[in-house]
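Use the sequences and the hints to build the structure in full.
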Amino acid sequence: MSDTGIGASVKRVEDLRFLTGNGNYTDDINRPGQSHAWLLRSPHAHAKINAIDTSKAEAAEGVLAVLTGADMAADGVGGLPCGWQIHSKDGEPMAEPAHPPLAVDKVRHVGDQVAIVIAETRDAARDAAELIEVDYTVLDAVTDMDTALAGKTLVHDDVPNNRCFDWEIGDKDAVDEAFAKADKVVSIDLSNNRLIPNAMEPRAAISDFDRTTGRYTLYTTTQNPHVIRLLMGAFVLQIPEHKLRVVAPDVGGGFGSKIFHYAEEAILTWAAAKVNRPIKWTAERTESFMTDAHGRDHETHAELALDGDGKFLGLRVATKANLGAYLSTFGSSVPTYLYATLLAGVYTTPAIYAEVQTVFTNTVPVDAYRGAGRPECTYLLERLVTKAARETGLDPAEIRKRNMIQPDQYPYQTPVALQYDCGDVPASFESALKAADYDGFEKRRADAEKNGKLRGIGISTYVEACGIAPSAVAGALGARAGLYESAQVRVHPTGSVTVYTGTHSHGQGHETTFAQLVSESFGIPADQVEVSHGDTDQVQFGMGTYGSRSLAVGGPAILKACNKVIDKAKKIAAHIMEADVSDIEFADGKFTVAGTDKEMAFGEVSLAAYVPHNYPIEEIEPGLDENAFYDPLNFSFPGGAHICEVEVDPDTGDVEVVNFTAVDDVGRVVNPMIVEGQVHGGLAQGVGQAVLEGCVYDDDGQLLTGSYMDYTMPRADDLPSFSVATQSVMGASNPLEVKGVGEVGAIGSPPAVINAILDALAPLGVEDISMPATSHKVWQAIQASSVRQAAE
Amino acid sequence: MYQFNYQKAGSQDDAVSAAGSAEDPKFLAGGMTLIPTLKQRLAQPSDLIDLSGIDGLAGVEDNGDSITIGAMTRHVDVANNDTVKSKIPALAHLASHIGDPQVRNRGTIGGSLANNDPAADYPAAVLGLNATVITNKREIAADDFFDGMFTTALEEDELITAVKFPVPDKAGYTKFPNPASRYALVGVMVAQTGGETRVAVTGAGQDGVFRASDIESALSGNWSADAAKGVKMSDADLNSDIHASAEYRAHLISVMASRAVEAAG
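For the record, the sequence lines run as chains A and B.
Mapping the first sequence onto this note's numbering, position 425 (from 1) lands on 425, and the numbers just tick up by one.
Mapping the second sequence onto this note's numbering, position 212 (from 1) lands on 212, and the numbers just tick up by one.
What the hints contain is simulated information worked out from the structure, not anything from laboratory work.
Every residue gets a Cβ at the ideal spot worked out from N, C-alpha and C, and that includes glycine.
Hints are supplied without guarantee of correctness; some may be wrong.
Chain A is faced by these chain B residues, among others (derived, beta-carbon under 7 Å) [as the list claims (entries may be wrong)]:
id	residue
1	V16
2	G20
3	P179
4	A180
5	S181
6	Y248
7	V255
Quick look at the structure:
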């Protein structure tokens, strides 16, 4: 067995180039004859465009072209499509208002694209953009969901009440029955704060058109180049696949925000043919804040019915989800099938009903962001269950234990469509309680009190569905695409290997992890394997990276292709060693004939495949190069337990996260070091959501948190040294037995933090706090509570 | 950024005369506020006059009962200076908590004071320690220097050359940072110098840095953390924004003042 196979903490092959500044990002690429673009964006959240006068800009020095939505419409350019169809309760399909890449009649959020200026330099383009005169009639803006649903101001004139759809899942009658017989009903109202993703690399693109071949090339910061080629080629620009190459080179973080097909990609590609020059565009950080799809933004009312023993009988959920100004690529799936199908959580709640209304507002479109729907679901459940513990007098750990799905109940059919394949949350929960010294907490609380601090402990247990997705299931739920993955394993003559994967790595370390899969399969060192991804001219096809799918869906495709290689290699080895193929065994990189000392190394067989002098040529073809597609049987279901401890300074409201313990079940671990890093990153984002990050719009739709001066990203000194561990039940839905790790940290952690803060503040009578629980908000809650208590 | 003329001044006189002949000049010290402002196209000066080539504007001088710090002295050099650390440790502490390491290695005391950002740290030091701002024309007492946010007593052709800090008997600075920018949401410098008690507050006031006279009175008679904390500050004339209400800032002033007293010893 190779020591770089599955389970080895192989050092990331990516790190040398990333850590020494030698990555090759989109903005690092320059094409001969390249021009530069600046996008003129709306300063208004909502306005009618009466006229656009581009004449002065066109006359400015160095300007090649100034193009508007009218120019795109004249060329028959289509709108940006949504990839997931949802039907309302009444069977009506969701409202899909037009989404032109450049605004035509109206602008609908601050930052909406109005015109593109293409010039010899970026500064010339930007200078000229200031000369464009847009005659706007400013309209009332609507940013708040309740106001939007009242329908006085319409974001899209053809969408009444700004409602995209009103969807439901679960058995309403069964839930009503459960509540009728309940001993106790606990209810909660909460919001899941809107987040701004902030990948380190801003979005960027370069478009190039070769008029001699009619071929377009787009370099872009995407998590899924083939999806962009399909969506943009087929739906927006009508360019067939063989005339369109999309390249996603090194991408500096995505977190979901680089899944979607963005307007700039289509505008640049279209414009490259108009000016017959390559065009580069790189977002400024301010543009990222106001054009990258935001995440979360839910308002929810939920009720939990319990019997006298604290057993959950039923759950009723009503959620409003903000979609922003337009339907983004997966905006409709996040608050529905990625959210409400997880409402059983880790519990045996027998009856669940949820309804979700989605709402257009004059804000940036909202779509998937690390966790996508599952953090919203987990936050709701774990806040509600903790509140139920307080109201029933049960310990928060005990109420969870009483309701948890037991290991012998898998596969577990939930009342909200999903069937969990396997898991053992009680075991990871016990480990987490032990690792966090849950039983010793009261002493730590007392010690903190001596120092004038309020200490609290909070629990979150969770399960999530990832490894997106079984195509048939996703299709039945409204997905307009298949969600399999592909791989090509090309063995070179001397036995080294190039793997082509349809997933895309933008920080996850696939180039290392996937090489380990091949190392394990072929018994060769991982450094003999190169992983290629991101270029539609090199990689056959693929659905990209999101929903913690790369290893769970892309990994088995690689494994399948490896097995095809081994099957063929066995036939070659059998021929050369003059044995029956059924007697050929392959292990540790060697083909042997059972019962003999005959053997051939992997590289000897591969050489024979490409130098087929002594070869079964009538039976098999030369070469050793195999393709495979893999579609999973089910989602995979990571789960686990997160426990947080905080100390609150009652004088300032300042919250310090002092301990964080995570025990996650992520299935088989291929590279423990990378898994640990993924959990750390997810926890940082989860703690960020809980105490630091929050997008704020004013009533006029201006983005008040439009820069790092006002939007708080988590920094290293905001975080404790995490205690993380994996405790896994091997996955049952794919042959690698992996589950997914990219999102678990961000899914499980926010409610643990908030539950800890509320535990710390409980002695002061504080019962609720919203995310982000900033020091300001915590102080206000303490003040309000002391005023209330004084009045009582 | 927009186009501008870049000029590197060789002397104070050069700088002043270059400014005099330019249409809309700006002096460039460390550039830690000015450069981002230019990059965002929020300012369009005709000329940037770089002061970094002028000799004699950087450094710390020990005058016995006072310290003089050159206008172009970087924050990191104030934070690490042995004289400052031994004679006015509160000032070294303040300088060591401005921005981040990159900012501290570029930003200067003179630039910070001339800019007078209402959430910057140095204005609290100058006002709280009763420093004197020395320019190419005159000496300006701290109480006369700050004139509302981003506004000072400096005239158009006037350059800060140094700042003279009297050595206090006791001084302490405590900052409650804005969680996003880490500028001061509230920063308080408390000092006792030759029988005078001063308390200067940055980050909170609508008109920039100010003296908290109620806390000064409380501390004059009773130099203790409790005395400072016991003062209920009025929230009138305090900033209110998405990060903190005026009420919260008022509360934090007392708390930060009390912690500054503790730090001062």
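Each hint tested on the structure:
Taking 7 Å as the C-beta cut-off, the interface hint given for V16/B is violated, the closest approach to chain A being about 31 Å. Interface hint at G20/B: violated, since its Cβ lies 28 Å from the closest Cβ of chain A, which is beyond the 7 Å cut-off. A least Cβ separation of about 5 Å between P179/B and chain A falls short of the 7 Å threshold, and the interface hint therefore holds. Because the beta carbon of A180/B sits about 4 Å from the nearest beta carbon in chain A, less than 7 Å, this interface hint is met.
Given the 7 Å rule on beta carbons, the hint for S181/B holds: about 4 Å separates it from the nearest Cβ of chain A. Among the interface hints, the one on Y248/B holds; its C-beta lies about 5 Å from the nearest C-beta in chain A, closer than the 7 Å criterion. Interface hint at V255/B: satisfied, since its Cβ lies 5 Å from the closest Cβ of chain A, which is below the 7 Å cut-off.
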